[in-house]
Structure formats: structure tokens, C-alpha cells
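Given the structure of chain A, go ahead and fit chain B onto it with the hints provided.
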Amino acid sequence: MNVIRPQASPGRPLAATQGLIDVDIHPRARSPHDFDPWLSAAMRDRLATYGMRARHGFVKGPPYFKSQPLASRIDAWTPEGGTPASDPAFVSTQHLDFHGVDIGILNPLQPSGQGDQNNPFSVAMAHAVNEWQLATWVANDDRLRASVVVPYEDPEASAKEIRLRGGDKRFCQVLLMSRTSHPLGNPKYWPIYEAAQEVGLPIGIHAFGYSGWAMTNGGWPSFYIEEVSEHATSCQSLLVSMVLEGLFERFPKLRIVLIECGFGWLPSVAWRLDKQFPSLRHELPHLKRLPSEQIREHVWVSTQPVEEPPRPEQLLDCMGWIGWDRILYASDYPHWDFDDPRFAIPSFIPEAKRAAIYGGNAKKVYDF
Amino acid sequence: MARHVVGPATEIGPGERRMVELDGKKIVLFNLGGEFFALADRCPHQGASLSQGTSMAVIDSNCPGEYGYARAGEIVRCPWHAWEFDIRTGKSRFDPRRMKVRAFPACVEKGEALQLQAETFPVSIEEDYVVVEI
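Listed in order, the protein sequences are those of chains A and B. Residue numbering for the first sequence is 1 to 368, as defined by the working numbering. Residue numbering for the second sequence is 1 to 134, as defined by the working numbering.
Chain A extracted, bound-state conformation (with noise of 0.2 Å):
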């Protein structure tokens, strides 16, 4: 009788020839404690006193439910009951080893000062975070990269902590919210991008944060579906700010990674800039190129989620026109939206392009 050893990864899909590269993992500290060794005993008393306070109305949590505990898959809670993707062993056991993941990037969400209303305490904790994701995250395994976690708001602190991180491998990326105070091609958040740029790290902007404003251009609406719905018009906003402020002709080496944006909006923001331009470029003498040549240069988007059109030929043509270098593979784990990997890229699409959204283009955008 043949004994059949079982697969080291069997989760990892075969298509995955030129590695398996996950854009989008959450790490969660398993209490604010955790970042207590990097904080000021200021800055730790003002944590224990205020907490986080994110711009919005519902400082004790998120203002909508989100599907599972704590937005998260049932079975990435620990075995001892703690909380999901906050023990580095479990992570590297359930999602790295058992679907072969070669190289994984930590995107830490809330509670990491991103965004709070008080900006030396965002700068202080965007700091700790760094720190953190190096000492309990890749310290642990050295398949993790870390992102580096800027106080947005305050956007000449967020450039000293990008230099400061300049040169160090651990880090692959910038991290920024979707939701901010101002539109994020807005010159106030120009000394963010000039870093990245002097330092050579791609910007990665992960859906959400909390802006003060409300979630979409009608109001704040009624339900969750809606939020995560609403990205399309967030980051269509952020995107077109981003082109017609003109911050890709002033930083050209500037490389813009959506992720957990959904992607289907964004040929046709495109080609209404591209039909607008023409009667209103008047107005911005800056730019000299359209704007959808701006947007596939500079632009690089995740999966998770993708769009499930009923009919292949249509998500097809939208990845085709992103481009088929341009789209990365995201997991999102532990989150309840996750994404396998074997399931989440449909297998119409061409085996070679297939195994580059799943490895090939994240080593090119992020030099891996």
C-alpha cells in the first residue's frame, strides 16, 4: 500500500509559480498594552486616560457592525480563545504555512493611532507600532514585512518616520488610510509622498479610517454593506485628487498600491477624467499627460475584494485594462472577508497571469 505524505502547503494554489505574495495581512496587539516598551510614560498614560479617539462620532468602536467578531473569520480565533492574528505562532501555522505564503505584509489597522484626533499622540503611537510589528511580527517570521505606519494627519512627522525607516528591509511600504481629513493628493500630505519617494517605498492605502467626514458624499448611511461598498467612491475621490493636484508629475517615481479598494471602479473614473480633460485642463497647466496615462503608471491595485461580474468576460476586460502587471494578491486574513487563495483568483483567467497576480507583480512593485 502506497502511503501519500501529506502536502507541506496545501493550501497553496499551483498556479502560484512565481511565489505567493500576500499584500494585505492585519496583525492585532492583544491588548494596547503591547505597545507600552515604545511609548513615553506620557503617552501611556494618555492612552490608559483617553484612549484612541478616531475621528468619528462612536469613539468605543467602529459606528457598524461588522459581520463577525471583531470583523473576523470564526476559526482565527487562538485555540486559548485570543483574539485573531494577535499570536505571531498561530498566524505563521494557520495562514503562512498552510497556504505557502512566501512573503507576507503586515498592514496593522485600528488601534494604531492612524488618524487620531490628537496628532502627537498618533505620532507617538504610529512610532510604537513600527516598533512593534518588528519585535512580535517579523522578529518571529521572517516571511513577514512590515509597513510603515505614519500619522497621517500630521504629515512632516509621518516623513521623519518614513527616513527614519529608509533603508530597512523589513519594511516594503508606507501605510495610509482611505479616509482622511483632506482628499490624499491634497499638498498637505505632500512631505508623505516626497519621503517615499527620496526613500523609494511605495505608498499602500488600505480602505477605511475615520475621517471626521461622513462615509459617503450623501450622509452616513444605514448599513455595513454600505461602507464596504462605499470604497468605490472613496478611493475614486482620492485617486482623482491624487491625478489632478498633479502629485505624479512632482514625484514620478511615485508607486500608489490600493488595497481592499475593490477595483472595478477605476477604469471608469478614468475615462470620465480622460473625457473631461480636454475642456478643462485650462485649469491645471500642471499636468501635462491624462490622466488615465497617469493612473496605470503609478497605480497598483489588490484583490480582495474582487468583483464577481456574472459574466468572466467583463472582470476580464477591467483587469485587462488596469493592467495585468497591476493587480496583487490579498488575503486580508484574519478578517471575515478573507480570501483563499486557491478560490479567490477565478480560474478563467490565463494560467501565466494568474501567477503573476499571485507573485510576480508584488516582487516587481515592491522589490521583493
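Hints were generated in silico from the structure; no laboratory data involved. Hints should not be assumed to be uniformly reliable.
To be verified - List of simulated lysine-lysine pairs, DSBU-like, C-alpha gap at most 30 Å:
no.: 1; chain 1: B; residue 1: 110; chain 2: A; residue 2: 66
no.: 2; chain 1: A; residue 1: 363; chain 2: A; residue 2: 275
no.: 3; chain 1: B; residue 1: 91; chain 2: A; residue 2: 253
What the hints assert, rightly or not - If you only want the chain A side, here are some residues facing chain B, beta carbon under 7 Å, derived:
no.: 4; residue: 73
no.: 5; residue: 78
no.: 6; residue: 80
no.: 7; residue: 102
Said to hold, decoys possible - Cβ pair distances, simulated, as ranges:
no.: 8; chain 1: A; residue 1: 290; chain 2: B; residue 2: 44; range: 22 to 30 Å
no.: 9; chain 1: B; residue 1: 11; chain 2: A; residue 2: 164; range: 27 to 35 Å
no.: 10; chain 1: A; residue 1: 186; chain 2: B; residue 2: 104; range: 52 to 60 Å
no.: 11; chain 1: A; residue 1: 41; chain 2: B; residue 2: 44; range: 40 to 48 Å
no.: 12; chain 1: B; residue 1: 25; chain 2: A; residue 2: 225; range: 32 to 40 Å
Bear in mind that the values here come from a model prediction, so they are computed numbers and not experimental data. Built from N, CA and C at the ideal position, the CB exists for glycine as well.
Okay, now just chain B, sitting in the frame of chain A:
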């Protein structure tokens, strides 16, 4: 379709579930108030294990603003993307006609009717080694 005796009915209490592997297939058994139902333990979406999902009720609505609560514990919710399936039929709540998880017939039968017998295997001695064939 082969019949498999899974175990004493009293081992899976009302409201409980158990994952079993039969002929290489992972199956999750549910006890709904003494009635047993079996579903493939694999969500048809991305393959998560339904046995790790939460059981819930039907929350129904005839129109916005009116909600009803019924059939507590008879719906299983996938641990990943929260797709909901009717434990009694395997049909999904959001598209019952086209999206379903495979349901298998399950029932409780009297022990004496099953003529249960311990499984035996041939055993032989070759030189000094004991070999068991399974």
C-alpha cells in the same frame, strides 16, 4: 449510497454538531431538537469548514422596518464570509435555488435493528513481525 453508522445518538446532544469523515468525505452532523441532519462540511463558496460556523435563527422581513425571529439554531453561518445555509435542506438563505451545500440523509435507528458487529481484520505472523491489514 452506502450507509454509515456514526455513533450513539446520545453523544450529539440537541443543538450540538459533530464533524465526521465518511468514505473520505468530511460531513457535519447537526442535532436539531432530536432530529439529525448531515451536510458536506465544506462551504460551496471558498471551502471553509461549516462545522466551525455559528448556528443562528431566521430573521425574516416582509418589508423594511418589520422583522421576525424564528427557527432558532436551524441556520448555519459560514465562519469566513457569513454565508447562511438551512441545516434542514442545505439550501442557502440568499439564493436557495442555485446555491446550496450538499445535504445527506441522516436518521436515528434502533441499535438492535442495525445488527452492530465489531469490525475484524485478518492477523497473521510472518517471522517476528505482527502485520495488520486494513
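Going down the list of hints, with the structure as the test:
| no. | hint | in the structure |
| --- | --- | --- |
| 1 | B:110 to A:66 | 45 Å, violated |
| 2 | A:363 to A:275 | 34 Å, violated |
| 3 | B:91 to A:253 | 51 Å, violated |
| 4 | 73 | 5 Å, holds |
| 5 | 78 | 14 Å, violated |
| 6 | 80 | 16 Å, violated |
| 7 | 102 | 21 Å, violated |
| 8 | A:290 to B:44: 22 to 30 Å | 43 Å, violated |
| 9 | B:11 to A:164: 27 to 35 Å | 59 Å, violated |
| 10 | A:186 to B:104: 52 to 60 Å | 59 Å, holds |
| 11 | A:41 to B:44: 40 to 48 Å | 54 Å, violated |
| 12 | B:25 to A:225: 32 to 40 Å | 34 Å, holds |
When held up to the earlier numbered hints, the structure conflicts with 1, 2, 3, 5, 6, 7, 8, 9 and 11 and fits the remainder.
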